[in-house]
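> Here the protein sequences line up with chains F and U, keeping their order. Here the first sequence is numbered in numbering that gives the first Met the number 0, starting from 0 and rising by one per residue. Here the second sequence is numbered in numbering that gives the first Met the number 0, starting from 0 and rising by one per residue.
These aren't lab readings, by the way, just hints derived from the structure by calculation. Ideal Cβ placement from N, Cα and C applies to all residues, glycine included. A hint or two may mislead.
[What the hints assert, rightly or not] Listed next, the stretches of chain F that the computed footprint assigns to chain U, with coverage defined by at least 3 CB atoms under 8 Å from CB atoms of chain U:
hint : segment
1    : 193-206
2    : 209-217
[Stated by the list, open to error] The following residues of chain F were derived to be distant from chain U, with all beta-carbon distances above 10 Å:
hint : residue
3    : 5
4    : 6
5    : 13
6    : 83
7    : 172
8    : 176
9    : 178
10   : 242
11   : 245
12   : 310
13   : 340
14   : 343
15   : 363
16   : 393
[What the hints assert, rightly or not] Now the in silico label distances, taken between C-beta atoms and shown as ranges:
hint : chain 1 : residue 1 : chain 2 : residue 2 : range
17   : U       : 60        : F       : 218       : 45 to 53 Å
18   : U       : 17        : F       : 305       : 49 to 57 Å
19   : U       : 108       : F       : 233       : 23 to 31 Å
20   : F       : 306       : U       : 17        : 34 to 42 Å
21   : U       : 151       : F       : 17        : 27 to 35 Å
22   : U       : 58        : F       : 368       : 41 to 49 Å
23   : U       : 115       : F       : 275       : 48 to 56 Å
24   : F       : 17        : U       : 17        : 36 to 44 Å
25   : F       : 205       : U       : 250       : 48 to 56 Å
26   : U       : 59        : F       : 314       : 52 to 60 Å
27   : F       : 15        : U       : 112       : 20 to 28 Å
28   : U       : 58        : F       : 22        : 33 to 41 Å
29   : F       : 310       : U       : 151       : 24 to 32 Å
30   : F       : 129       : U       : 89        : 53 to 61 Å
Single-letter residue listing:
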Amino acid sequence: MRRVWAVIRREYLQRVRSRWFVFATAGVPLLLVAATAVPVVLASRNEAADRTIVVLDLSGDVGPWVARALEKGGYVVEPASAVDEERVRRRVESGEVGGYLVVDRESLVAGYARLVVNESPSALRQLSIRQAVIQAALAHQLVGTGTDVEQVLAGGALEIERIAGSGGGMNAPASAAAYAGSFVLYMVILLYAVAVMRSVLEEKTNRIVEVILSSLSPWQLMLGKILGVGAVGLTQLAVWVLVGGAMVALGFPALLAVRPELAELAAITSGLPGPSFFAYFLVFFLGGYFIFSALYAAVGAMCNSDEEAQQAQFPVMILIFVPVVALVGVIESPNSTLSVVLSLIPFFSPFLMFARAVGGAAPFWQVALSIVLMWLTMLGVAWVAGRIYRVGILMTGKRPTLTELMRWLHQS
Amino acid sequence: MTDEYAVRLEGVTKRFSGHTAVDHLDLEIPRGSIYGLLGPNGSGKTTLIRMIMGILLPDEGRITLLGADPDQTRRENVGYLPEERGVYKKMKVLELLVFLAEIRGVTRKVGRGRAGDWLDRLELGGWADRRLEDLSKGMQQKVQFISTVLHEPELLILDEPFSGLDPINQDVLEAIMLEFHRGGMTILFSTHLMDQAERLCERVCLISRACRVLDGELKEIKQRERTGVVAISFDGPADWLAGPEVMRQEVATGAVHLVLHKGADPKGILRRGVASGAEIHRFEVVEPRLHEIFLRHAGGQAEEGSRRAAPGTVRGSVAASR
């Protein structure tokens, strides 16, 4: 076992120290941080003045409604009357206030208003101001009717009551988590399984494998390699999760403090994955990674060059692509017979059963069954791949045909 | 019996699709000997070595390595330098050595110490923290040699250890091998370089066409392979050279070679020479050089071997055909 450990250690350290790994692991969170921080920094310049809007009321009665709606959206509102326009204009020019909004009777009937600013406002700001005007107009017109304008403008609500059936569809945040999670799984599993293949291929093409196989069994070498590369993948995922978690916990409130108009985005935080998401992710990542890395190790052992490997990995690629294509349909109707069957196929489970489980659509027994099937498949794949690997790793020359591969499996 | 031989092969056969690489071969390598495995390209040396190392399994026959089947415990006591040498190009020299020692059961600490000593000895001390891709081929080969001895094996198996080394490093390697030999290590190596084999080996085995042609102590083989050539240099009359023993005369540089009839005794010639009054500087029954023995037994096969490799065969035969 100490020998396998040496292989794991080598694979792990060589990769973790590589420039590529540092870049990908640190770079992705850095990009995320930058994407969050840049608007914050930009907005925090002169923020108080920027968020102050003077409402110039030409109608005499719409003004307060608009002011209230704007304040709800996080603006500081100063009322003014028509005679003040020259003075207000100068204050905008000097940057003392963010702009002034002219409302009149037209605002009431058509939701029309005029915004005077120094610089063209962001799309988000335009939207929030426009919404405030519309909301004010409707609220003003519907006063006394008991209409909850805010609720109506938010798109109403549809409550669903199911009478029969096991497991439901997914709500929006759940299906978003399912999509995102499956996609990341697909990327990470493919990335690291291919890394295993490249590593096998490297050892084979530079012939060091013969030295190593004089001290280790092919099985030990393959095991060590798969575990080592897998540990690199887990490390990378852990860094991403930690940085992402820290950003949601610390960065998002900071962002909201300066850009209150982003408050609607806060809804996303409520849909953020919880512990069960990560538990499923880990289980299905490990299952998928072990299955596919063993397959890719066998592909690497069969080939003698990158070009050959490109072709030889095609059958394995199909096993990964089918679930990716099926993913949309499975998330749409997670409990159709097709979805259930596909997600129970061990090669597809890492992506499809994961999506159904995370979306809360799969009954527990199906999830458990798929995990059992997946781990059984893993043993089977390891057996097959181990044999192909054992024979292939010392072969050179032509890539084996299917019949030859079958013969390899029967060789002791 | 088991302890007498470091390696013992009984009727070992290995076939690859289309041809037999090793054919019912018997071989016994006594403990503590320096053993040379000679043979033309494609004769099955590398396949043989791979089977001894348990990398390939024989189709027939039995291999005993250090008293048992060549399993992992036995291989732990073997230092193996394959013919096709690879390294992890991106690794640092010392890291690679420590790793290769570790997979042979040496702790990291011990491995690091020994690797450092060896690097210094082979004048690679300054390269310990460089990546292998920065090293020349010859330097890489020295690193690979170091990796074969870090776990202090009982048996050293070197496949063409001298190829690719310059004469200075060949001498260094030779000296190290002799030093190990004096320390009691068994050394099996294959080579094309007959001079080296002649200097180093106590015993040799000549393989040709997958079969053993000659095997035994070098001295004995040479005696057995004597062709009955006498080299003579002298001043004075020359008529005594002709006689019933002599098949023909050949003039070589600084000497006359007399090729004798089979089984003839050269003593009569010497007697005649002394009687004739010639001044004889040299009268020597010439032992054939290993080179000549090699050519005599394997000459016909050398060209054939190069045509043999077919695509899709295991690397042993492809490699050996180069």
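> Does the Cβ-Cβ separation between residue 58 (chain U) and residue 22 (chain F) fall within 33 to 41 Å?
At roughly 50 Å between Cβ atoms, residue 22 (chain F) and residue 58 (chain U) fall outside 33 to 41 Å, so the hint is violated.
> Far enough from chain U: is every CB of that chain over 10 Å from the CB of residue 310 (chain F)?
17 Å, holds
> Does residue 363 (chain F) really sit off the interface, with its C-beta more than 10 Å from all C-beta atoms of chain U?
Non-interface label on residue 363 (chain F) holds, nearest chain U Cβ at 43 Å vs cutoff 10 Å.
> Count the residues of the segment 209-217 of chain F whose CB lies closer than 8 Å to any CB of chain U, then report whether that count reaches three.
It holds, with 8 qualifying residues against the three required.
> A cut-off of 10 Å on Cβ-Cβ distance, and residue 13 (chain F) was said to be off the interface with chain U. Does that hold?
7 Å, violated
> Given the hint of 52 to 60 Å, is the C-beta distance from residue 59 (chain U) to residue 314 (chain F) inside that range or not?
Cβ of residue 59 (chain U) to Cβ of residue 314 (chain F): about 36 Å, so the range 52 to 60 Å is violated.
> CB of residue 129 (chain F) to CB of residue 89 (chain U), is that within 53 to 61 Å?
Distance hint for residue 129 (chain F), residue 89 (chain U) holds at roughly 58 Å.
> Falls inside 48 to 56 Å, the C-beta gap from residue 115 (chain U) to residue 275 (chain F)?
51 Å, holds
> Is the claim that residue 176 (chain F) lies outside the interface with chain U correct, judged by CB distances over 10 Å?
It holds; residue 176 (chain F) is separated from chain U by about 38 Å at its closest Cβ, greater than 10 Å.
> Within 34 to 42 Å: is that where the Cβ-Cβ distance between residue 306 (chain F) and residue 17 (chain U) falls?
With Cβ atoms ~26 Å apart, the hint is violated.
> Taking a Cβ-to-Cβ distance below 8 Å as contact, does the segment 193-206 of chain F have at least three residues touching chain U?
holds (count 4)
> Hey, is residue 172 (chain F) genuinely clear of chain U, shortest beta carbon separation above 10 Å?
44 Å, holds
Consistency note: the structure conflicts with the earlier hints numbered 3, 4, 5, 16, 17, 18, 20, 26, 28 and 29.
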